[in-house]
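Asks: Chain by chain, the residues:
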Amino acid sequence: MEYDYLIKFLALGDSGVGKTSFLYQYTDGTFNSRFISTVGIDFREKRLLYQTKGRNHRVHLQLWDTAGQERFRSLTTAFYRDAMGFLLLFDLTSEQSFIEIRNWIEQLRIHAYCDSPDVILCGNKADLEDRRVIMEWRARDLAEKNNLVYIETSAATGQNVARAVETLLERVMIRMESAVDKAMLPGRRGRPRDLDNVDLNSQQKSCGC
Amino acid sequence: MALNPQYEAIGKGFVQQYYALFDDPAQRPNLVNMYNIESSFMSFEGTQLQGSVKIMEKLTSLSFQKINRVITAVDSQPMFDGGVLINVLGRLQTDEDIPHAYVQTFVLKPIEGSFFVQHDTFRLVLHDTI
Chain G
1 MEYDYLIKFL ALGDSGVGKT SFLYQYTDGT FNSRFISTVG IDFREKRLLY QTKGRNHRVH
61 LQLWDTAGQE RFRSLTTAFY RDAMGFLLLF DLTSEQSFIE IRNWIEQLRI HAYCDSPDVI
121 LCGNKADLED RRVIMEWRAR DLAEKNNLVY IETSAATGQN VARAVETLLE RVMIRMESAV
181 DKAMLPGRRG RPRDLDNVDL NSQQKSCGC
Chain D
1001 MALNPQYEAI GKGFVQQYYA LFDDPAQRPN LVNMYNIESS FMSFEGTQLQ GSVKIMEKLT
1061 SLSFQKINRV ITAVDSQPMF DGGVLINVLG RLQTDEDIPH AYVQTFVLKP IEGSFFVQHD
1121 TFRLVLHDTI
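Top to bottom, those sequences are chains G and D. Per our numbering, the first sequence starts with residue 1, numbered consecutively. Per our numbering, the second sequence starts with residue 1001, numbered consecutively.
So here's chain G without its partners, still in its complex pose:
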């Protein structure tokens, strides 16, 4: 099946915060994920339509998941590369997973395609209200300071799961549409800005004779 955009998102956060359940919930409980053993990455796919300015775009969404290697803090840079948006999860019932968010943000700043990528901070396990230890204002405060969107989610009930992914998609699509400067696009980190032009010129030369 054809599509107009291939969009790749990463789910990040400590082990046990519910990343896999979150993606499982979003992809309608389908478990046909694919595992790439060399980099230790799992991914799922979903097709959807994105509407903008009255036009429909067919989006092929890839959701990349860690496969337990975050327990060892062994994420390779390949994991971050080419991702266009990030779902950063913590567990509302775990102080530690919230504290670690700062480290994850730091990792993102180092490895993502730009210094301020689109990130949705998800306070997951919102269904376990009686066990909550992270008050909403603390998460909102952290999100605001780091320029992230904050959404409380529940992978168990599905609460706000689709909203989180779709909010991220919207932001990434807006960024792509408004990216006048090509260097801001994913996959172009560290590449000299006019490399494309250089290539073009040399091609033109070889074609011109």
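The hints are simulated quantities; they were obtained by calculation from the structure and are not laboratory data. Misleading hints may appear alongside valid ones.
[What the hints assert, rightly or not] SDA-like cross-link-like pairs, simulated, lysine to any residue; straight-line CA separation at most 25 angstroms:
hint, chain 1, residue 1, chain 2, residue 2
1, D, K1012, D, D1128
2, D, K1058, G, G16
3, D, K1066, G, D141
4, D, K1058, G, R102
5, D, K1066, D, Q1016
6, D, K1066, G, T38
7, D, K1066, G, S15
[Stated by the list, open to error] Listed next, the stretches of chain D that the computed footprint assigns to chain G, with coverage defined by at least 3 CB atoms under 8 angstroms from CB atoms of chain G:
hint, segment
8, 1002 to 1013
9, 1056 to 1064
Cβ coordinates follow ideal geometry from the N, Cα and C atoms, glycine included.
Fit chain D to the known structure of chain G by using the hints.
Replies: Here is chain D on its own, set in the frame of chain G:
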């Protein structure tokens, strides 16, 4: 000190004993006896640690409970100070996660008829390209 001709058996025996303690959360704290309080070094996924206290802080902070481990190969060599160099190639599965390959290298330093782990490096076998 001379080369220890028993290096092969020492390597295999050590690996068995070490992982028996490591893989049982109740016994993991006993690994402290394998390291020296000052002169043991560990590189765990690129994090450098020195001394048994720091090393144990790291090992007991790991968040999984269950480990399924398969050892593929143990390569040992005698060292000129009587120690043993051990390289382990294996696979491990933490809780319900997908199994990952890993590599771990130990240097055992002889001390009063026994050994302690002087060097220990650990990495999951993950690459930067697909």
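Asks: Output the indices of the hints that this structure fails to meet, ascending.
Replies: 1, 3, 8
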